[in-house]
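Quick mapping for you: the protein sequence lines, in order, are chains A and B.
Counting in our numbering, the first sequence runs from 75 upward without gaps.
Counting in our numbering, the second sequence runs from -13 upward without gaps.
Do not take every clue at face value.
Said to hold, decoys possible - In silico DSS-like links for lysine-lysine, alpha-carbon gap of 30 Å or less:
no.	chain 1	residue 1	chain 2	residue 2
1	B	LYS53	A	LYS126
2	A	LYS450	A	LYS376
3	A	LYS189	B	LYS53
4	B	LYS(-3)	A	LYS126
5	B	LYS53	B	LYS(-3)
6	A	LYS189	B	LYS(-3)
7	B	LYS(-3)	B	LYS67
Calculated directly from the structure, the hints in this document are not laboratory data.
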Amino acid sequence: MKQVVVTGVGAVTPLGVGAATLHERWAAGVCAIKDGEGRCDEFVATDHFTVKEARRADRFAQLVLVASREALADAGWADDLPYDSRRIGAIIGTGIGGIGTIEANDRTLIEQGPKLVSPLAVPLMMGNAGAAAVSMRHGLRGPSYGVVSACAAGTHAIGSAMRAIQYGDATAVVAGGTEAALTPLSRAAFAAVDALSPTGISRPFDVRRDGFVMGEGAGVLVLEDAEAAHARGARILATIRGYGATSDAFHITAPPPDGEGAAAAITRALEDADVTPDQLVYVNAHGTSTPINDRAETAALKSALGERARTVPISSTKSAIGHLLGAAGAVEAVATILALRARVLPPTLGLEQPDPELDLDYVPLVSRELVVADGKLLAISNSFGFGGHNAVLCLEAT
Amino acid sequence: MTQPTIDQIEKVITDSLVTFGADPDAISRDAELEALDVDSLDLAELSQILEEQFGVELTAADVAEIKTVGDAIDLVAERAK
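Work the whole structure out from these sequences, hints included.
Given below as structure tokens:
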């Protein structure tokens, strides 16, 4: 089976524009959540786009365009694509797509009638618009499509890209996730289903946790066939060692209390990677700060990792930036790779009062140096979505 | 609806093209829409605006005949009579 490597990363998150900014600020303990939301305040569309480009892309597509530009430059692709463009794909996940565009056009429909609904409505709101934008911007003519699996979409996109390369459908894929759903309808809808934190605080695994905090952003990784990447002398950031995807088939918004489906996805990812739980040096948790997720995820980790679950350091990126929904898995994969490479494990912020029932090592409040004597820099990154979708990546940084 | 003047039509069209991202300095009666980077989606939006402002309904066939900014102004002026 072909190995798939990561040669470039990019991110736009509430912590700032840039993947390095995400790692550095999270590791420094900066929490980007303000007024109960993780907004990308440092992202200004006019810094990156012409008027035409900006109005031809919903914010969710704008975010992934900026992250993809960074990732391609990081991979050394800024001037030229290294392979035949028909051998390079774009697979971008999202939870919701262009909901800001949908809401604006729905207002037009109600207030001014159907004749004034914008001709740009469809191309901006469609869930595949992020993948389309990345493909067009960079001239990628291989397989491109969107992945929709709620809060697991970013991880599924990376897993799907890995498989496309392994199977030979593409030599490289620009993969990631993006979301811009800080809109009135989306806020009201997530609040109605009791998923959002009424206090507006993200504190995964804390006994006081009361829901997630919504965030926005995008994460992108350039994935390449390892052999091709080596042949062109690329710098290798990491290897995607394994991927596991399962479903709960249990309830549309809740995992089973024992996290069985999540555990199966973790186990599958480790099998795919040919890695044992003892080899893991870090877990990037889904860690949403909802009472039910953090309990079920803890149960899943105990079940899948056995004794190693009690000692392996675990932390949640969502404690610093909130829950980026369909972008979360991609941003967290980027954060995991950079943490391993820096040998600094960023903390679970806000975790001041541990839940007695959640007794693992969640790296509370402050970063920790990662000491790896002579072992490998192996980690897993978990993502679980409404609908019972579970996706887990096993990553090895270099 | 009173008949719009050429100046009024020109202003609405010019403002729309600027909104779409065209370079204001490049817009003139003789400027070709293609050179202004105006494509089919922009023209669909322009048609909506012209219908709303002047009550002029332009079909896809009408729009296909428009090559320059002046063509668009003249067509709307003709139809608005």
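Flag every earlier hint the structure violates by its number, smallest first.
none
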